[in-house]
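Undergrad: Each protein sequence line maps, in turn, to chains A and B.
Okay, so the first sequence: first residue is -11 according to the working numbering, each after it adds one.
Okay, so the second sequence: first residue is 19 according to the working numbering, each after it adds one.
Watch out, some of these pointers could steer you wrong.
Claimed, not checked - The calculated label-pair distances, taken between Cβ atoms and stated as ranges, are:
no., chain 1, residue 1, chain 2, residue 2, range
1, B, K453, A, D52, 30 to 40 Å
2, B, A82, A, T399, 19 to 29 Å
3, A, T127, B, I266, 55 to 65 Å
4, A, V244, B, A157, 46 to 56 Å
5, B, E323, A, P213, 56 to 66 Å
6, A, P131, B, R392, 52 to 62 Å
7, A, D52, B, R392, 23 to 33 Å
8, A, V244, B, Q211, 56 to 66 Å
9, A, N89, B, D442, 45 to 55 Å
10, A, T208, B, P441, 46 to 56 Å
11, A, P70, B, S261, 24 to 34 Å
12, A, P131, B, P191, 51 to 61 Å
13, A, G23, B, E106, 33 to 43 Å
To be verified - Partial list, computed: chain A residues near chain B (C-beta under 8 Å):
no., residue
14, T69
15, A73
16, E75
17, R79
18, K83
19, A90
20, V135
21, K230
22, T234
23, Q238
24, Q387
To be verified - Output of the computed footprint for chain A on chain B, the stretches with three or more beta carbons under 8 Å from beta carbons of chain A:
no., region
25, 60 to 70
26, 140 to 148
27, 166 to 172
28, 193 to 199
29, 409 to 423
30, 426 to 440
Derived from the structure by calculation, the hints contain no laboratory data.
Ideal Cβ positions, reconstructed from N, Cα and C, are used throughout, including at glycine.
One letter stands for each residue in the lines below.
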Amino acid sequence: MHLRKIGLVLGLFLLAFPLGLSHAEPVQEFILDNGLKVLLLEDHKSPAVTFQVWYRVGSRNEKDGKSGLAHFLEHFMFKGTPTTAPEEYSRIIAKNGGRSNAFTTTDMTVYFATMSRDKISIELELEADRMANASLGETYFEPEKKVIQEERRLRTDDNPAAALGEVIGAVAYTVHPYRRPVIGWMEDIQNLARQDLVDFYKLYYAPNNAFIVVTGDFFTEELLPKIKAAYGKIPRGAEPPKVKVTEPEQRGERRVTLKKEAELPFIEMYYHAPNLESPDSFALDLLSVVLAGGRSSRLYHELVYQKRLAHNIDADYSAVSIDPTGFSISAQLLPGKSVAELEREIDRLLEKVKTDLISDKELKKAKNQVEAAFVFAQDSIFGQAMKIGYYEVAGGWRQMNSYLDGIRKVTREDVRRVAKQYLERDRRTVGVLIPTKEKPQKTQ
Amino acid sequence: MTKLLLRLVAVSLLAAIAPSVRAGMVPKRAVLDNGMVLLTSEQRALPMVAIEILIDAGSRHETANQAGLANLTSRLLTYGTKRRSALEISDTLDFIGASLTTGASENVATISLTILKKDLPTGLELLAEILTSSTFPQAEIDRQKQAIIAAIKAQEEDPGAVAGRAFAAALFPGSPYGRPVEGTEASVKTLQQLSIKEFFMRHYRPNRSIMAVVGDVSEEEITRALNQAFHGWSKGTASAPPSAPSNIGAPQTLRLQKELTQANIILGHNGMARGHPDYYAIQVMNYILGGGDFSSRAMDSIRNERGLAYSVYSFFGADKSHGTFQFVMQTKSESALEAIRIAQEEIRRMREELVSEQELSDAKNYLTGSFPLRFDTNRKVAGFLTQVEWFGLGLDYPDRYGELIGKVSREDIQRVARQFLQPDKLITVIVGNQKNIAAK
């Protein structure tokens, strides 16, 4: 959803694709005449199919003053078509034993359902219908706007860490659209008009700006003709405008604070970092594991376990985004500890990985963690579909195939070099949550 | 075309689901020499194994002034054994990329291990060490206490958690089910190493434990390995069934002040135990009221029609000895009282009118049709199997589920709504900025 949330979502699905394993079926790619790409991965280990439609549009494509538009449209897509009543989509999927939902990030808007093989055609048909015929009717516009404002209050305004993340994004990026929260600023949401949604839908919701991912217990020879029949008739749209904004290089640390009722201070350091276009992304991935992957990792062991400054600590990096992204370190403090001291300690440990080589064992451990997580992630067909889709949006699904190879090739010198190059103070934004609440009374 | 298709599949649904469910899971049950129940499901698709252990060692076994003991004990399991220090344990796990987590609820302690098949011997060795020779070093106790107190504070930042705790305390006063499993800052500070060791020795016993092993390993293989690894784990006092809370809180409204934009609301009251014969009728009824993700009366009237909430749902949480009913939502402070009024109306309407045929069949079709999605990964199968055993549902439960849901009638729904939804017994918790909530 939000800038920070992307990292979170990706973290879950980053390691989901089966490769290098003999039993795994390969992804099959088909492209229909209208430009719609179809990515299929058969996996018959459990009796369910995930069907997902990915639109190559997210908050990245919005203009100032219209933040939240992509996400608003995602909600509004559930208000029916000429043949499906408002909210009927969810009801139809549910009564056929399926689970459905949708989400929006900076880079994409995704609709999906998971159902048994004999039911998945229902989802297939309904998604085709709303790709071409969404009603976007006036009646439900105002109530849905209120729902989205409630979502913002729930996820951001009343959530201290998320509220801080939003402010950090707004400061770390000066011109690039990643500076805007995916859900949108409250006033922008208030000011959006139904016509904005209609225009956005016409511009971006076309087969040539979308792709389908299906994973699970289906057979390509049965499913593909159904996809062709339902989607092939939807006309190609005009090429949507490309976003070409480059964030100028940051020269000098930026600092931001947020005051809010909370119990524990929270700090986040956000460093600009490259996406998967850069071969350095593999070493950065491993660096995040060396720093905070598991209780024996450097930051966790030193600052949570030994020095007892932080309640928890995390290092978050995912290369799978359209434009360059961030490497972030975040920590919630233990009661009574000083933010300044924790920040000094984090900096000290970061200096260490910039100066000294990590040990062979540390590197091996990080690689083992990545490879094991890769296998575990295949346990879920939904996770596998997410992985394929994220890669396809960011740079093409085939890049998944070089992921483990890229990881295996990383050396200790690479890890030190990327730490030095990217975890540079002048390229970071430091955000601190300052709790405003007075010390609560002790209760028994 | 879609509509026609729907009708056809709705008819075939019940028949189609049940057999495929069991075919995929093929669980087996055995009792090991040391009394531990072992549930296995061989799944060869991936070179991994998911293990889940439930132990009858929850917070129901602690006294009020020991609040937090069960949780602290469970959290310390990976912080020191006779052979390994805390760091050696985490280093071992991290080096093989395995995940081992421990925790406690009111009834049980849970241990979850996800591991590559090739590392299974290491994993079992570690599990056996943890369960038979945990040492609970004082330095680790101090660390964990500090971390738990921080977690208690951090929960104060989660308005939903604050509301949930207030609700439990008001509904089950004086019962372990009314206390937070973490304890309070004051109670955690007083916990002693000796009590932790005693708690561990008494409750962490194989004949009080259920283990599910799901993945790339056969029943024979795992049984042999477990008999070997766990032979030093000896039986203790057998489990006694949990008893229901003896005091049920009176209807009341609790307002908790927080500087928030939304009111976080729970309306609820006492529920029923998992074994109650009306459990399935209640689940169907609740699906229609507020259980359906995007298709429930609560969702329609509170979210879709009025835009009052992003998240609104209801549930009957059923434990072995007791349960709760909760209707949960968040809405901007100014709409709190309106949302509460509508929630109360929906609860009342459930009692007063028969649900429609359509609502009934939609609910049944969802519950039966989505049932296999509850265990579509190894990890979920492991969790599901331990629950089936804990509640004594029997391994044929997936086969029977369709029939249990299928036989519920509209009249059953009204009958259980009248019995189990009690508008005059509702406890209402409102966490938020009370000034703005009252202003309406």
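Undergrad: Hint by hint, which ones does the structure fall short of?
TA: 2, 3, 4, 5, 6, 7, 8, 9, 11, 12, 13, 14, 15, 19, 21, 22, 23, 24, 26, 28, 29, 30
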